[in-house]
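> Assemble the whole structure, with the sequences as input and the hints as a guide.
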Amino acid sequence: DQNSIDANKRKNPHGGDVKEAHSMETLPPGKVRWEHFDQEGYIGATMVKAGQDPYARNKFNQMESDKLQMDRNIPDTRHDQCRRKQWSSELPGTSVVITFHNEARSALLRTVVSKSDFHMYLAVFTKVRILRNNRREGLMRSRVRGADAAQAEILTFLDSHCECNEHWLEPLLERVVEDRTKVVSPIIDVINMDNFQYVGASADLKGEISFRVWQCGGSLEIVPCSRVGHVFRKQHPYTFPGGSGTVFARNTRRAAEVWMDEYKNFYYAAVPSARNVPFGNIQSRMELKRKLNCKPFKWYLENVYPELRVPDHQDIAFGALQQGSNCLDTLGHFADGVVGVYECHNAGGNQEWALTKDKSVKHMDLCLTVVDRIPGSLIKLQGCRDNDSRQKWEQIENNAKLRHVGSNLCLDSQNARSGGLTVEVCSSSLSQQWKFTLNLQQ
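Numbering-wise (the UniProt record's numbering), the sequence shown opens with residue 1 and increments by one.
Since the hints were made in silico from the structure, they are not lab data.
Wrong hints could be hidden among the right ones.
To be verified - Distance condition first, Cα-Cα at most 30 Å in a straight line; then the derived DSBU-like pairs of lysine-lysine:
| no. | residue 1 | residue 2 |
| --- | --- | --- |
| 1 | Lys435 | Lys357 |
| 2 | Lys67 | Lys234 |
| 3 | Lys392 | Lys435 |
| 4 | Lys291 | Lys362 |
| 5 | Lys435 | Lys359 |
| 6 | Lys182 | Lys127 |
| 7 | Lys362 | Lys298 |
| 8 | Lys298 | Lys264 |
| 9 | Lys49 | Lys67 |
| 10 | Lys182 | Lys85 |
| 11 | Lys49 | Lys59 |
| 12 | Lys234 | Lys264 |
| 13 | Lys289 | Lys182 |
| 14 | Lys291 | Lys264 |
| 15 | Lys291 | Lys380 |
| 16 | Lys380 | Lys357 |
| 17 | Lys359 | Lys392 |
| 18 | Lys362 | Lys435 |
Structure, rendered in structure tokens:
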């Protein structure tokens, strides 16, 4: 019982003594049981009225959300093998931490009760404890406070606009029981922000990399038999102190400073404005890193994510070579093939290039090569050679163009659809505007 615990100092299973940094109100465990709960009254207090913008408060269609029952049926998006699997009844308990800030009551309610067993419905509200910050603390500090108050040996974190699918929790717990160093995640299905239709996630899964988990002896896994739906919004429904850009820059700069070692220079090259954003004191994080004997970021790149192409000391610029919404692309061609442009996909591959200190524009072991030093000459991919003047390029006009050194002609995409990229007399044409995603020149 939370009330039996000294609020100023107590033991917990997730980090020793708990000391409250700021005052926080802890409400007693709920007394309302499922059969007595007035869903209509609870949701009705904040329902969108006729004529009001249903997107204004939460940046999703709250009117559609409010129409739905808290225990509505959603499609079972699991693989057939997952549906047939029998899960152990001896799995340990978990404390579920849900952080929320002015959340739509209907969305929050479905997060709490979705896909619980019937006997859990009867007790779910008596299990819920509310910890209310007396000031705005943000997502991560609030999650930490929830973790401090948790009583179970395993922690589970959910956003406040989710719906959990059939047997979502057992696969996660089972994997942690097998290996306590695992940090596990469900596959995240999509709940449409406009009509609240529940849609299974595509095969093109995107996940969290959490390199500090890997660096400090753990690993991160997506468990395919666990499915949780999430409402993805196009913008935040609330403001951030100092603006969302500043908060994001502060958080990412702290991560770079603590965890990325010398590779943080690439972060600053990509986000130069972050150098002007204060990131606070990181001494305690550095001490924790040493105490846990965490591995360097280079180890993470070599052992966990070796597929990631990282700039080296010879690169002046790196990444995609962008022209509006299109990028320079090999089009799948190899030696002696032409290059073209294709819609930017931000996945590297055929669109990953580097401009080196010896003035080569490289894709793997192939370089952009001018066939003839005259306007209209085609550009081809050929094996890189140190002293081949046909392969020498430089950035001009504030790194907005690529000029071939030997001919003083500029890389041009005006003929990309008919035959490939060419060099042309340098002009102000948009077809000659090129920008690397990462410029490493100071």
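> Taking each numbered hint in turn, which are not upheld by the structure, reported in ascending numerical order?
4 and 15
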